[in-house]
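Undergrad: Which chain is which? The protein sequence lines are A and B, in order. In terms of the numbering used here, the first sequence opens at residue 1 and continues consecutively. In terms of the numbering used here, the second sequence opens at residue 1 and continues consecutively.
Source of the hints: derived by calculation from the structure; they are not laboratory data. Since we're looking at a predicted model, the values are computed, not measured. Any given hint could turn out to be false.
Claimed, not checked - So the derived label-pair ranges between C-beta atoms look like this:
no. : chain 1 : residue 1 : chain 2 : residue 2 : range
1   : B       : G284      : A       : A464      : 36 to 46 Å
2   : B       : E192      : A       : P720      : 23 to 33 Å
3   : B       : G284      : A       : G285      : 33 to 43 Å
4   : B       : S211      : A       : P720      : 39 to 49 Å
5   : B       : A143      : A       : V448      : 49 to 59 Å
Stated by the list, open to error - Derived list of chain B stretches under chain A, where covered just means 3 residues or more per stretch with a C-beta under 8 Å from a C-beta of chain A:
no. : region
6   : 79-93
7   : 96-107
8   : 179-191
9   : 273-280
What the hints assert, rightly or not - Far from chain B by the CB rule (all over 10 Å, computed), these chain A residues:
no. : residue
10  : D148
11  : T211
12  : M295
13  : S374
14  : E388
15  : T408
16  : I409
17  : R593
18  : Q664
19  : R706
No residue lacks a Cβ here, since even glycine has one placed at the ideal position from N, Cα and C.
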Amino acid sequence: MNNRLTTLVAMVSAIAALSAEAPAQTQSPQGAAQKPPTTFRSGLDVIAVDVQVIDREGAPITGLGPDKFEVTINGRRRRVVSANLIESRRSTTLTPAERAAASSGPPVIPNMVRVVFIAIDCLSFDASASRHVIATARDFIDKLPVTDEIGLFAYPYGPKLNPTTDHAAVSRALATVLGQRDVPSNQFHLRPSEIVDLSAAASSTAPREATLLESVVRRECGNPPEDVCRQRLMLEITGTALYYEGQGNAGLGMLRSLLEQINVISGRKTLVLISAGMMASDIPGGRPDISELGMQVGKEAARSNTSVYTLYLDTSSIDRFNAETRTGDKNLQSVARDSDVLGRWLDQFSGAAGGALFKVQVGAGEYAFDRVLSEISAYYLLGVEPAEEDRDGRTHQIKVKTTQKNATIRGRRWVMVPKRDGAPTEVASEGASSEPARTSPAAPPRRVVPANVQAFADLFDRDAETFQRQLAATQDLAGLIRDFRSSDNPWPNAPRRTAVFALELSIAALRSSNGYARDEGGRLLAEYSVRVRQPEAADPFECAWLWTEVAALQGMFMADTAMLFVPRAVERCPASGRLHLAHALVSEQQWLRGTVGADAEAQIVERYQQAIKFPDTAAEARMRGAWFLLRTRKLDEALALLDAPGAPSSDAYVQYLTHLVRGQVLRARGQSDEAAKAYRTALATWPGAQSAQVALMTLLLNRGDRQEAASLAEAAETAPPNQFDPWWTYWLGDYRVYPAILAKLREMAQ
Amino acid sequence: MSGNAAFLAVIGAALMVGQSTAPAPQQPSATTFRSGADVVSVEAAVRREKRPITGLKIGDFELLDNGVSQEITDISYERLPIDVTVVLDVSASVTGPVLDQLRQSVRQLKSDLGPKDRLKLVAFNMQVRRLADFEAPASATDAAFASLSGHGSSAIFDSLAVALATPAFQGRRHLIVLFSDGQDSSSITDPETLFDVARRTTPTVNIVLASAVPEHIASPFARSPGRPPITIGRLYDQLARETGGIVVTTSPGESLASTFRRVLADFRSSYVLYFTPKNVDRTGPHTLQVRVKQDGAEVRARSGYVWR
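All chains should be built: construct the whole structure from the sequences, respecting the hints.
TA: Take a look at the structure:
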């Protein structure tokens with residue numbers, strides 16, 4: 001049953017009963033049943049459409065009758081039966097002019113209770129920027145009538161309070177909100193608009209885009225640019241776009257959850273979204289591309305009968321002096337474009353929701369908050385007669401206009417009219433017997449979990465191995481991920497399980513040969529990297545999730561993709577030696593691909609040194625560090641690292657590789673006897689391992705000992721098929737134990 | 001093992017110098033040399049406009065060892081039996097249809113061999129595995145294919161090193177045919193070590209690259225600072241030069257069987273020249289140059305060998 005319409009109809013009914021003395025009704029967050037006195041009109045089915053009509057200053061325009069409104073559904077005009085002003089202020093607060101206008105016009109229902117949600121997009125602010133706007137938001141709360149219920153939703157991490165009349169509690173909680181802006185540590189100095197434009201240019205063959213791309217390449221890489229620099233720049237564009245897509249999707253997903261919760265609450269609600277912007281493409285082919293989800297969330301807001309006010313605290317003019325962009329393009333046109341790119345989604349969202357966007361470039365939004373206060377102080381509830389064709393239970397576009405001059409209308413853009421045989425309480429029927437004006441709302445209308453997502457969710461719960469196998473065999477992983485993201489969560493009360501499911505889905509997609517699937521996999525991974533975060537320090541589940549993620553990324557040898565996630569994982573879980581070691585290994589994987597700068601070698605060594613500080617990774621980090629030093633021809637340092645004091649690993653895998661690496665280092669130093677000895681020790685540690693056999697064989701050949709070399713060749717060729725060699729998984733890092741890591745994570749999610 | 005005994009198998013086939021028909025020895029000889037005569041054998045393919053030139057005599061050749069002209073003591077053409085080691089990449093990049101083609105190609109290759117020729121089958125992903133030895137019946141080769149599936153990473157360099165290090169058989173020529181997409185992902189052996197092994201051993205390596213991109217890096221793990229990473233094209237060209245072999249790149253839809261037949265025919269139609277190095281320091285690496293005193297004649301031979 002559609003609760004939104006139930007409520008609206010109830011209100012239409014209430015107004016139709018002209019109960020001017022209707023007392024203030026307090027709604028609980030869960031929309032506990034309230035029953036204002038009401039009767040239903042008979043013979044005529046109408047739907048309720050609420051609109052705000054404001055003047056240029058944002059003050060509600062009063063005294064408008066139904067004849068002043070034009071309503072179309074799907075572009076076809078519908079009759080407006082009634083127009084009633086719902087006044088939130090106490091009648092005594094009305095000015096004489098307003099009182100006179102109200103008296104001469106349709107009835108005014110004073111003192112209607114409102115529910116106001118304050119949502120704060122914490123990821124868009126840094127800590128200092130958030131402080132001022134939070135203070136202003138607290139002032140805003142102080143100005144709301146005590147009868148208003150106020151909810152708080154700081155996301156992704158921050159206080160979340162159900163609507164309450166305890167304004168002081170909300171204000172206190174609000175004071176704890178901190179900006180958590182997380183800017184990727186980038187090599188280049190790219191503006192938000194450049195990331196959008198260049199991501200589009202990278203996939204375009206148009207000369208204009210190519211020129212733009214070249215100019216940025218020259219600015220960042222010099223002229224003529226080095227190939228490695230160009231390659232790094234392109235990777236950074238893609239990576240940054242992917243990162244912001246993930247962050248945007250996480251933020252929007254949470255906002256959508258809020259709207260679903262708001263849906264439960266009866267009547268007209270107001271959502272004040274405070275954000276410093278979210279990078280989103282405003283051109284075809286550009287990235288980050290979050291428009292699809294953005295539109296969905298906007299529609300969700302429209303369906304939830306919520307007035308959306310977005311306060312966009314535009315910091316782009318300040319950001320141009322930030323370190324990340326300090327040598328980038330700083331002209332005013334670019335700054336304006338950045339502002340558009342960051343605010344575009346907010347504008348779309350507000351528009352789709354029938355709300356308004358206030359761009360705040362100076363101050364902390366005082367004017368905008370005052371304007372919101374003014375605008376939401378009253379609204380009209382229109383009784384609109386739908387046509388039969390509208391009654392199909394589907395969502396239709398609705399447009400409300402007024403013939404009143406100099407007026408702005410804010411209202412919903414979408415409406416759903418139930419079928420006639422649908423729930424009878426969803427329409428007001430003239431002549432119907434008196435019915436409760438407000439019924440207890442049903443459970444919120446949930447998004448449907450698509451069959452394919454549900455099937456995989458069931459499999460995920462039932463049989464991990466089959467789930468993974470079928471996931472790998474799925475042809476349309478991109479579609480599955482899109483369905484998962486846009487549908488309801490198969491486990492609404494088990495966020496950890498959802499996070500593990502999302503992780504496995506992402507990894508399967510990243511491993512796919514399909515580019516679309518890899519793209520969606522990256523987005524989903526980025527989204528859930530944000531979603532699993534705890535408000536403050538990471539908890540064991542978050543660290544386990546990140547380790548599992550990082551282990552999988554190591555195993556895919558997608559170093560550039562991995563580097564989007566691994567440093568953040570290390571930041572979140574700095575006490576994890578395994579994450580430090582993974583950071584070093586992935587950095588080395590990047591180095592192997594030749595996509596890093598000249599300073600990378602020192603960084604890689606430093607990262608191995610970090611991992612050496614942890615007892616559980618020290619031996620392995622020494623071994624891997626020595627291998628890297630060997631590759632960079634720092635043979636003395638490599639040997640010194642292997643000989644450094646420290647407990648040897650108890651893991652035969654690490655022991656074997658340590659002997660093998662020692663052999664390689666000694667061989668490179670020309671110490672062939674010692675090298676041969678090291679290879680033999682490796683073979684004693686892991687009998688039959690092919691790498692040590694072959695290394696010893698080539699060494700012996702080089703020394704002229706063909707006979708033993710031939711024996712080793714024979715042994716290698718005739719080894720049993722199940723003979724394992726640790727070297728084969730050297731570059732996979734922790735992926736070698738991925739099944740065990742994943743199984744543990746699954747356990748933690750139960 | 002003495003210094004002489006350790007001298008590499010480039011010399012292995014030299015034992016048969018002067019013999020018009022080869023015996024069919026079944027015992028490997030890792031350290032073969034003729035007593036009192038340190039003879040080196042060199043395979044030389046001679047072509048004019050891509051067609052083999054036949055009927056050449058010793059006097060038609062000129063051979064330089066480290067730049068010093070050497071006396072060729074004997075020559076052989078299509079007389080010695082051939083051992084063919086087929087080294088097949090069965091890593092994840094090799095899919096079912098390719099495996100089917102490989103099965104047919106190896107079967108074809110086997111039927112193209114002479115009565116005294118032999119075939120050994122080695123497959124590898126990260127692990128090198130002998131599927132059928134020289135003496136195995138044809139049915140064993142077929143059965144081995146039935147057990148194959150493409151999976152895992154590929155240790156091309158390790159597998160080639162193992163194939164090269166396998167001892168030479170007296171009186172037989174040894175051809176290694178590598179089939180792969182060319183990109184190594186799990187060898188401990190790096191390209192330089194592989195070249196070193198190639199210089200110290202006798203087999204000719206003919207390389208069949210399927211779906212290979214010559215500009216791609218031959219091994220993502222073999223990077224050395226200060227040097228550009230070696231590409232597939234460069235690596236296999238150099239390996240072919242070191243061993244006197246050829247590189248054939250197949251394209252999708254091309255018959256693998258005919259490619260295998262071509263590389264065998266190329267090897268078969270090569271001369272084997274024998275000489276005993278004189279007036280050169282025998283230790284260390286030697287460069288070889290082989291020429292034919294005929295207009296338009298092109299010679300392909302290994303670029304050198306290592307004497308210890």
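Undergrad: Work down the list of hints and note, for each, if the structure agrees.
TA: Hint check:
The given range of 36 to 46 Å is broken by B:G284 and A:A464, whose C-beta atoms sit roughly 59 Å from each other. Take B:E192 and A:P720: their Cβ atoms lie about 31 Å apart, and the range 23 to 33 Å holds. The given range of 33 to 43 Å is broken by B:G284 and A:G285, whose C-beta atoms sit roughly 60 Å from each other. Take B:S211 and A:P720: their Cβ atoms lie about 31 Å apart, and the range 39 to 49 Å is violated.
One distance hint, 49 to 59 Å for the beta-carbon pair B:A143 and A:V448, holds here, with the actual separation near 53 Å. Interface restraint, the region 79-93 of chain B with chain A: violated (0 residues with C-beta to C-beta distance below 8 Å; minimum three). Look at the region 96-107 of chain B against chain A: 0 of its residues bring a Cβ nearer than 8 Å to a Cβ of that chain, fewer than three, so the hint is violated. Requiring three or more residues with a Cβ within less than 8 Å of a Cβ of chain A, the coverage given for the region 179-191 of chain B holds, as 4 such residues are present.
Closer than 8 Å: that is the beta-carbon criterion, and the region 273-280 of chain B has 0 residues meeting it against chain A, so the requirement of 3 is violated. The Cβ of A:D148 lies farther than 10 Å from every Cβ of chain B, with a closest approach of about 62 Å, so its non-interface assignment holds. With a closest Cβ-Cβ approach of about 27 Å to chain B, A:T211 is found to remain outside the 10 Å limit, as its non-interface label requires. With a cut of 10 Å on Cβ distances, A:M295 stays outside the contact zone with chain B, its closest approach being about 40 Å.
In this structure A:S374 is separated from chain B by more than 10 Å, as the shortest Cβ-Cβ distance comes to about 63 Å. For A:E388, the requirement that its beta carbon stay farther than 10 Å from each beta carbon of chain B is met, with the minimum near 58 Å. Once the 10 Å rule is applied to beta carbons, A:T408 is consistent with being away from chain B; the minimum gap is 60 Å. Every CB of chain B is more than 10 Å from the CB of A:I409 (nearest about 61 Å), matching its label as outside the interface.
Against chain B, the non-interface label of A:R593 is violated: not every CB pair exceeds 10 Å, the least being about 7 Å. With a least beta-carbon separation of about 8 Å from chain B, A:Q664 fails to lie farther than 10 Å from that chain, contradicting its non-interface assignment. Listed as outside the interface, A:R706 is inconsistent with that label: its C-beta sits roughly 5 Å from the nearest C-beta of chain B, within the 10 Å cut-off.
Of the numbered hints stated above, those contradicted by the structure are hints 1, 3, 4, 6, 7, 9, 17, 18 and 19, listed in ascending order.
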